[in-house]
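Novice: Sequence:
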Amino acid sequence: MRIRFLFACMAGLASVALAQQPTMPTQFGEGKATKPSPNAPLKDIFQAKIKDEWEAIKNKDKKAYAEFLADEYQGVEVDGRGERNKVQAINELGETNVFNYTLWGFKLTPLPPDAAFVTYEVTMQFPPKSQLRYSRVYITELWMKRDGQWKEVHYQETHVK
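The sequence shown maps to residues 1 to 161 in my numbering.
Calculated from the structure, these hints are not laboratory results.
Fair warning: this is a prediction, and the values are worked out from it, not measured in the lab.
Some hints could be false.
[What the hints assert, rightly or not] Restricting the straight-line Cα-Cα distance to at most 25 Å, the calculated cross-link-like pairs of lysine to any residue (SDA-like) are:
{"no.": "1", "residue 1": "Lys62", "residue 2": "Pro113"}
{"no.": "2", "residue 1": "Lys60", "residue 2": "Gly82"}
{"no.": "3", "residue 1": "Lys43", "residue 2": "Gly82"}
{"no.": "4", "residue 1": "Lys161", "residue 2": "Lys151"}
{"no.": "5", "residue 1": "Lys43", "residue 2": "Gly80"}
{"no.": "6", "residue 1": "Lys129", "residue 2": "Thr96"}
{"no.": "7", "residue 1": "Lys51", "residue 2": "Val137"}
{"no.": "8", "residue 1": "Lys151", "residue 2": "Trp104"}
{"no.": "9", "residue 1": "Lys51", "residue 2": "Arg136"}
{"no.": "10", "residue 1": "Lys58", "residue 2": "Leu111"}
{"no.": "11", "residue 1": "Lys161", "residue 2": "Arg146"}
{"no.": "12", "residue 1": "Lys51", "residue 2": "Leu103"}
{"no.": "13", "residue 1": "Lys51", "residue 2": "Pro110"}
{"no.": "14", "residue 1": "Lys43", "residue 2": "Asp79"}
{"no.": "15", "residue 1": "Lys51", "residue 2": "Gly105"}
{"no.": "16", "residue 1": "Lys62", "residue 2": "Phe117"}
{"no.": "17", "residue 1": "Lys145", "residue 2": "Pro110"}
{"no.": "18", "residue 1": "Lys86", "residue 2": "Glu55"}
{"no.": "19", "residue 1": "Lys161", "residue 2": "Lys145"}
{"no.": "20", "residue 1": "Lys60", "residue 2": "Pro41"}
{"no.": "21", "residue 1": "Lys58", "residue 2": "Lys86"}
{"no.": "22", "residue 1": "Lys86", "residue 2": "Arg136"}
{"no.": "23", "residue 1": "Lys60", "residue 2": "Pro110"}
{"no.": "24", "residue 1": "Lys86", "residue 2": "Leu111"}
Construct all of the structure, not just a fragment, from the sequences and the given hints.
Specialist: As structure tokens, then:
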């Protein structure tokens, strides 16, 4: 009797576990974003900003990239060269060799009243003749409103294998 009860319990737990489907992270694709309306949800606003930011990086567009960064911006990338400020980040854009990218796993944590914490992953593709073809990184960003505009204050990359 105990064995039947044990097997019944195990079968019940297995059926519950199999019935649960994992949720997939949000993929927010490649390419230029459409501009959301000012009344759009924060999630849409930040997804568009991040898409546009990565387009600026891919196109080595220093002016467009600078528009996203706060004056007190600090960023840390996986290259091991330490923290860089806004001027350093913009100047390094010319050295970037991102050929293409895929963004996914977007998560937004609003921090009232005028801040937001954003996390996502990016898979960067480098030119065909590059020694390293792909790199996948987990990114965290802190955004704050400055004079009514969302600006990126902090950026942190972590390499994902």
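Novice: Could you run down the list of hints and mark each one as holding or not?
Specialist: How the hints compare with the structure:
Of the supplied pair hints, the one linking Lys62 and Pro113 is violated, its CA atoms being roughly 30 Å apart against a limit of 25 Å. Our distance criterion of 25 Å between C-alpha atoms is met by Lys60 and Gly82, whose separation comes to about 21 Å. For the hint pairing Lys43 with Gly82, the CA-to-CA distance comes to about 30 Å; that exceeds 25 Å, so the pair is violated. For the hint linking Lys161 to Lys151, the alpha-carbon distance of about 29 Å lies beyond 25 Å, and the restraint is violated.
Annotation: proposed proximity of Lys43 to Gly80 is violated, straight-line Cα distance about 30 Å (limit 25 Å). Of the pairs offered as hints, the one joining Lys129 and Thr96 holds, with about 15 Å between alpha carbons and a cut-off of 25 Å not exceeded. Between Lys51 and Val137, the direct Cα distance comes to roughly 15 Å. Compliance with the 25 Å bound is thereby established for this hinted pair. Taking the CA atoms of Lys151 and Trp104, the gap is about 21 Å. The hint holds against a cut of 25 Å.
For the proposed pair Lys51 and Arg136, the alpha carbon gap of about 16 Å is at most 25 Å, so the pair holds. Of the supplied pair hints, the one linking Lys58 and Leu111 is violated, its CA atoms being roughly 29 Å apart against a limit of 25 Å. At most 25 Å may separate the alpha-carbon atoms for a hinted pair to count; Lys161 and Arg146 exceed this at roughly 35 Å. Between the alpha carbons of Lys51 and Leu103 the distance comes to roughly 8 Å, so the proposed pair stays at or under 25 Å and holds.
At most 25 Å may separate the alpha-carbon atoms for a hinted pair to count; Lys51 and Pro110 meet this at roughly 19 Å. Restraint check: the Cα-Cα separation between Lys43 and Asp79 comes to about 29 Å, which exceeds 25 Å; the hinted pair is violated. A hinted pair counts as satisfied when its Cα atoms are at most 25 Å apart, and Lys51 with Gly105 qualifies at roughly 13 Å. Under the criterion of a C-alpha separation no larger than 25 Å, the hint pairing Lys62 with Phe117 is consistent with the structure, at around 24 Å.
Between Lys145 and Pro110 the CA atoms are separated by roughly 12 Å; this keeps the pair inside 25 Å, and the hint holds. For the hint linking Lys86 to Glu55, the alpha-carbon distance of about 18 Å falls within 25 Å, and the restraint holds. For the proposed pair Lys161 and Lys145, the alpha carbon gap of about 33 Å is over 25 Å, so the pair is violated. A C-alpha spacing of about 29 Å is found between Lys60 and Pro41, which places the hinted pair above 25 Å, so the restraint is violated.
Taking the CA atoms of Lys58 and Lys86, the gap is about 17 Å. The hint holds against a cut of 25 Å. Between Lys86 and Arg136 the CA atoms are separated by roughly 23 Å; this keeps the pair inside 25 Å, and the hint holds. Taken as a hint, the Lys60 and Pro110 pair is broken in the structure, with Cα atoms around 29 Å apart against an allowance of 25 Å. Annotation: proposed proximity of Lys86 to Leu111 holds, straight-line Cα distance about 23 Å (limit 25 Å).
Of the numbered hints given earlier, the model fails hints 1, 3, 4, 5, 10, 11, 14, 19, 20, 23; all others are met.
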